[in-house]
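Trainee: So you can see what is in the structure, the chains are spelled out below.
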Amino acid sequence: MTAVTYLEAIGQAIREEMRRDEAVFLLGEDVGTYGGAFKVSAGLMEEFGSERVIDTPMAEAAIIGSAVGAAIMGMRPIAEMQFIDFITCGFDQIVNMASKFYWRSGIPAPMVIRGPSGGGVKGGPFHSASPEAWFFHVPGIKVVVPSTTYDAKGLLKAAIRDNNPVLYLEHKLLYRLPELREELPEEDYTVPLGKAITRRAGEDMTILTYGAMVHQCLKAAQTLEQEDDLDVEVVDLRSLMPLDREAILESVKRTNKVLIVHEDTLTGGIGAELAAMLAEDLFEYLDGPITRVAAPDAPFPYAPPLEEAYLPNAEKILAAARKLAAY
Amino acid sequence: MPTPVKMPRLGESVAEGTVGSWLKQEGDWVEKDESLAEIITDKINAELPSPVAGRLAKILVQPDQTVAVGVDIALIEENADVAASQSVEAAPGPDAAPVESPARANVAVMDKQSASDGNGSKAAVQPSRVGEEERQRISPLARRLAREHGIDLNDIAGTGTGGRVRKEDILAYIEQQQAAPAVPSYAAAAQAPATQPVYSSPAPVAQPGYTPAAPSAPKAEPAPTVIGPDEELVTPSRMRLAIAEHMVRSKRTSPHATTVVEVDMTNIAKWLEKNKEDFKRREGYSISYVPFVMKAVCEGIRKVPTINSSWTEDNKIIIKKRINLGMAVATDAGLVVPTLYDTDQYTIAGLAKQIAAIAQRARSNKLTVQDMQNSTFVVNNPGTFGTIISVPIINQPHAGILSMDAVVKRPVVIEDDAIAVRYMMYLCLSFDHRILDGAGAGGFLQAVRTKLQSYGREIDAY
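From first to last, the protein sequence lines are chains A and B.
The numbering of the first sequence is the numbering used here, which starts it at 1 and goes up by one.
The numbering of the second sequence is the numbering used here, which starts it at 328 and goes up by one.
If you are wondering where the hints come from, they were derived from the structure by calculation, not from laboratory data.
Careful: at least some of the hints might be erroneous.
[To be verified] Among the chain B residues that face chain A by a calculated CB cut under 8 Å, a handful are: (1) Arg471; (2) Gly490; (3) Lys494.
[Claimed, not checked] Now the in silico label distances, taken between C-beta atoms and shown as ranges: (4) Glu227(A) - Leu387(B): 54 to 62 Å; (5) Ala279(A) - Gly490(B): 17 to 25 Å; (6) Glu227(A) - Ala484(B): 22 to 30 Å; (7) Asp229(A) - Glu559(B): 34 to 42 Å; (8) Ala319(A) - Pro563(B): 50 to 58 Å; (9) Pro242(A) - His476(B): 31 to 39 Å; (10) Glu358(B) - Pro299(A): 53 to 61 Å; (11) Ala384(B) - Asp229(A): 50 to 58 Å; (12) Ala506(B) - Pro305(A): 17 to 25 Å; (13) Thr486(B) - Glu227(A): 43 to 51 Å; (14) Lys39(A) - Gly490(B): 19 to 27 Å; (15) His476(B) - Asp229(A): 22 to 30 Å; (16) Leu560(B) - Pro305(A): 54 to 62 Å.
Even for Gly, the Cβ is constructed at its ideal location relative to N, Cα and C.
Here chain B stands alone, though its shape is the one from the complex (with noise of 0.2 Å):
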């Protein structure tokens, strides 16, 4: 018996996943735990490890199919070696598959939630379809056609010596496309969903096999964009694609109201400039305004429940208990939003802690499915960027996001109508307005502005 790898679950909410491409073809060996295939979710991007060693007998998902969790997506033949004599305890049952276990420490993950911040050019396009086009073998009459079509090259298999696409390649594929049906955009192909009204039944996510990109039609390919001769046209990395869909659809369903509120934070800056060295040497990591800000949110939360909560779509409102804040780091592959998980249980000391601790395990491409899932909301930093006010989109399904801007020097009217250079910061939130109106999301800022302003002179860390 071949021992079936299933489509794993990358994520407590995500029901189905989408396979990127094989790096095994059939008939491959492959060792347990070596890289199967590049599996793609809404949440992540992930490779999936063998469950065993032995040979790729058969590919049942195509790249760019979506199956649901637990869809067999291929079969592994254990004993190709001894192909005729099948031994019984060679053959696990399926439960056997660790690639189930969304906690697999050496999933190399990067997150789409990145863009949520509203600074989406801060995440890194990736660069290897770029390379694949770079070795892939093009006459230059062929890379003439397809640059004049708009065709990516990608999506044509090229039938001259060595897999080179040719000019018959390029005519065939415009004539395929010109056969098909033309449709409007990736956004609107991608987004079929969301055409529908937002408070329309649950989509059957779970029903085993459902594919929303319906492999069984043919896929319908957009109409090839034409470009002038002063435009580059770039393809979108998977991880780019992902950030537009999850975009598109954020905005389609949470209607986005933000609003603004200007907090003195004199006190924490002028405590941080005089202990930020001494604590960085005493505790081994750095500090600075984030913990304070997640400390406050925190306090924000627990005066107004409803900003951690989510919509669901048979119109209901789920708070959430625990408070995981999800946090914005800066990668070389691009912004990821790692989750800290019980955030309102950190001293500031502790938190400082394990912003650093995620943020290394984030550069350093360690983080796990964990890191990556049940995040409640998400607390982001532009201001290090120099930003002054931010407008982010919201990470579903949350309630809002909440923007930390740069905290800068101004002249500001104090009491007695004096006027004083103070550290000034905005914070900007975006909030659902279907689970707050202003009134709440006023409510809950204000608590964050209370707290950040109650610190005094000293302020104890732990």
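Extracted from the complex, chain A is given alone in its bound form (with noise of 0.2 Å):
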């Protein structure tokens, strides 16, 4: 058994899951000869052929649309987005297809929307979006962001296997991190949709974040620990829609401060959402301010200086948790 990385659990995931229902298939921008933008889909055209691998047009409503028209028809399909940019070109199909088929017809629309989310990687304005908050609004989507290779490839099986239209955004910046790598079961698992998890356990305040934001925490916590004697817990959401209430709640409740860290922007972000919850649920549990810390509200520059200012941080994260901390 040998370690993969982030983008090969991935790939793992969608091979098994082809090979265990034959309803799954793959479309997508260069995703069968190709092997993908950025290799997950290597050798599925080769093993499943181009009928369950189809390599489409330069078209996201068309592929969306086709793989609502699919998941109707039973089908479960996984549409790949080159970038999840792009996504925004099928967001008819997603917001007024997917989301309400099943609400107005009562026929399931299991279907999974993935691509490469996310910033660092000096992909500037078009290649480095988080849109998670677009559809985190819509009724009727889940929403689910893997931060590490055991949970890719455990939250995409589950998404697969779910009845409704999931979208899964992994990170770009992730794919080949080599401190990712990690040996994963032989036998199938999945990570249930809807689970937060706690990466690290600890008293005096909560972190909540997702994504590749993960690890930027858990680097800010362990300063904290060090400099500050702070014992800071670290819960990684990976299911944005649903949300794990319980296990949010349950944390801030017993460390009474909580600083909420997200790759995307501030404004309407999930930070928003997670206080707002927070905020009418724990008032009387709050030692501190609800805190934030999120990209500004501006577009993703391109230029790496900008970019390194525009994305959070562990520093910008241990400011905060300083601040938070004294408060």
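Two chains, two frames, a set of hints: combine them into the complex.
Mentor: Structure representation (structure tokens):
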């Protein structure tokens, strides 16, 4: 057994699910012959043929629309966005078709839309999007964001098996990160949707985060322990919709201070919803203001120094956590 | 030489005072007569004016500490600007401190005698403490924890940013509380001397530096009160606490007995109905039943002098030759009981004038320390609130207190078994049964009644 990357784990999940269930198929730009822009689907066409690994035109509305049609006919399509930024072209198919079909007709639309999201790879304004908040707002769609290799595989498998449309946001910065290489279980496993996981237990403060930011938060938490003697809990949400309310409330109830960290921009982000939820449910358990660390409300920059300034990182998290701890 | 600021004597029988709070901090510049600190005695709360202008160099007595009158409580550096060269004339001796003068007119005075009438509810709770709490920074969690543990947030110093009270502060406080021995209640804690037999030898209150709260020992905190979800915890103001302390002490000190007489006020009532308006127009102040009753009380005291006396701690009775009646006045800040000196020397109209003047001073917060001490007996008038019978608590160290209740029209059996509508009033006397028995109290009340009923249709108020 060898350690695999985050990217390879995604490929494994697709391969195993396609082997397990004939209804599962992959469609997207360059997913077949080329093996995907990032090589997620490398070798799949060879194994499953061009009817189950479909190279599509550059038309996201058509890709997603076809997936919706296939799903309601009983298939379980995986629609890949070459970069998740392009998902906006298929917006109508997602928010008006996929999300509502079961509600309108009683026929489920089991499908996965996945693709590389996030920044930190000098991708500029059109190849760095974190689109979760747009879809987080739409009832009828599940949104998951894996931060580890194990979760990348387990969450994707669970998403494919779920009877709802699931938006699966993989982070391109994590694809080949050596430190995320992991030996995965031989046997079939899933990571349940709607379940957060505590990456680091602590008593002084809770950091709620997801995706690539989990690793920045863990780094900050380590510094806080060493330099500030602060025992910080890091909760990886993994599923944004549905949110694991129970885990979130339990942790914050215990630590009484909460920092929310996401790579997406601040206003109207996931953190805003979390903050509202905590203020409503746990006001009298809060020992300090609910604090958010997020990207500024600006388009994603191209220039590397600007990108660095734009993205949240361990240093910014550290500063916010120290301020909150002292409150 | 820095000028010492001494604990002032805020009243004749006051041997000690407590620093309520410092209004200036060490290092602050203070003008002469500017308020330095809030001083609390068992008689009044007052702001202490600075004896000199200078920099508050050192605070020697911390808030809530009690020291004897005359003890240095702070040092003021007069030549703070020229610290190196100290001129001799700039350092007046301790005698120069004017704060010891009890008659400073600008001393804001509030008397906790206010509740001595048995109508404690009339004494307003000072809102300032509540205000302080509102201004204090507290996290929502800390506020909830404090509520659940019955903790007064004013007792807690916050360690968060900007002095905010947060979780750690509450938990540390609770821990500290659990470590300290629990004391059952405020009254028991504050009233350590009262738990001794009443006839014990006098406490050495005059001993310099003597502090009944024993600050050398760790301050005993009462066990925190725990309240239910449908209850609210209120922290009494210092005034309320002083009243509570005095009431408990009075009840423990004096075996109270109460006796009531009914007085026919018809002639006075009718005279007042007829002459009140004219009197006010002519004299510029009002006249009511109160000067009549005061006059009659003086008459009663002349007949039974022991009603105007005090039982001492060494078991003697001091008969007061002067009759200085305390009278209850409702003000915005609460009920105060200023003194009407030599009450027996005035005519009815003269008393009415004195009463109006004192009431005016009380309502405009202009009462002096002099106004607030030396009373020998209290006349209280809950009747203005329509009460018909009251059982007042003695204002220590008096021998008694008289309540005049409402004058109401009642059918009354008069001579020859006829029934007539008369203006009737109950006078309720609570007296110290150590000093007087029912005979003395009854004799006093009878004299008061006789005097009040002696007025004919035409009354000469002058």
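Trainee: Work down the list of hints and note, for each, if the structure agrees.
Mentor: Results for each hint:
1. Of the supplied interface hints, the one on Arg471(B) holds, with its beta-carbon coming within about 4 Å of a beta-carbon of chain A, less than 8 Å.
2. Annotation: Gly490(B) was flagged as interfacial toward chain A, and the flag is violated, the nearest CB pair being 11 Å apart, outside 8 Å.
3. At its closest, the beta carbon of Lys494(B) sits 4 Å from a beta carbon of chain A; the interface hint therefore holds under the 8 Å criterion.
4. Remark: the range hint 54 to 62 Å for Glu227(A) to Leu387(B) is contradicted by a beta-carbon distance near 41 Å.
5. In this structure the hint that Ala279(A) and Gly490(B) lie 17 to 25 Å apart at CB holds, the actual value being about 24 Å.
6. The beta-carbon spacing between Glu227(A) and Ala484(B), approximately 26 Å, falls within the hinted interval of 22 to 30 Å.
7. As the Cβ distance of Asp229(A) to Glu559(B) is approximately 38 Å, the hint placing it in 34 to 42 Å holds.
8. Hint check: Ala319(A) to Pro563(B), Cβ distance near 44 Å, so the stated range 50 to 58 Å is violated.
9. Evaluation of the 31 to 39 Å hint for Pro242(A) and His476(B) yields a pass: the beta carbon distance comes to about 37 Å.
10. Under the hint 53 to 61 Å, the C-beta atoms of Glu358(B) and Pro299(A), about 60 Å apart, fit the expected range.
11. Between Ala384(B) and Asp229(A) the CB atoms are about 38 Å apart, so this pair departs from the stated range of 50 to 58 Å.
12. For Ala506(B) paired with Pro305(A), a C-beta distance near 55 Å fails the hint of 17 to 25 Å.
13. At roughly 19 Å, the beta carbons of Thr486(B) and Glu227(A) sit outside the given window of 43 to 51 Å.
14. Checking the proposed 19 to 27 Å range against Lys39(A) and Gly490(B) shows it is violated: the Cβ atoms sit about 58 Å from each other.
15. For the pair His476(B) and Asp229(A), the supplied restraint of 22 to 30 Å holds, since their beta-carbon distance comes to about 26 Å.
16. Judged by the Cβ atoms, the range 54 to 62 Å given for Leu560(B) and Pro305(A) holds: they are separated by roughly 56 Å.
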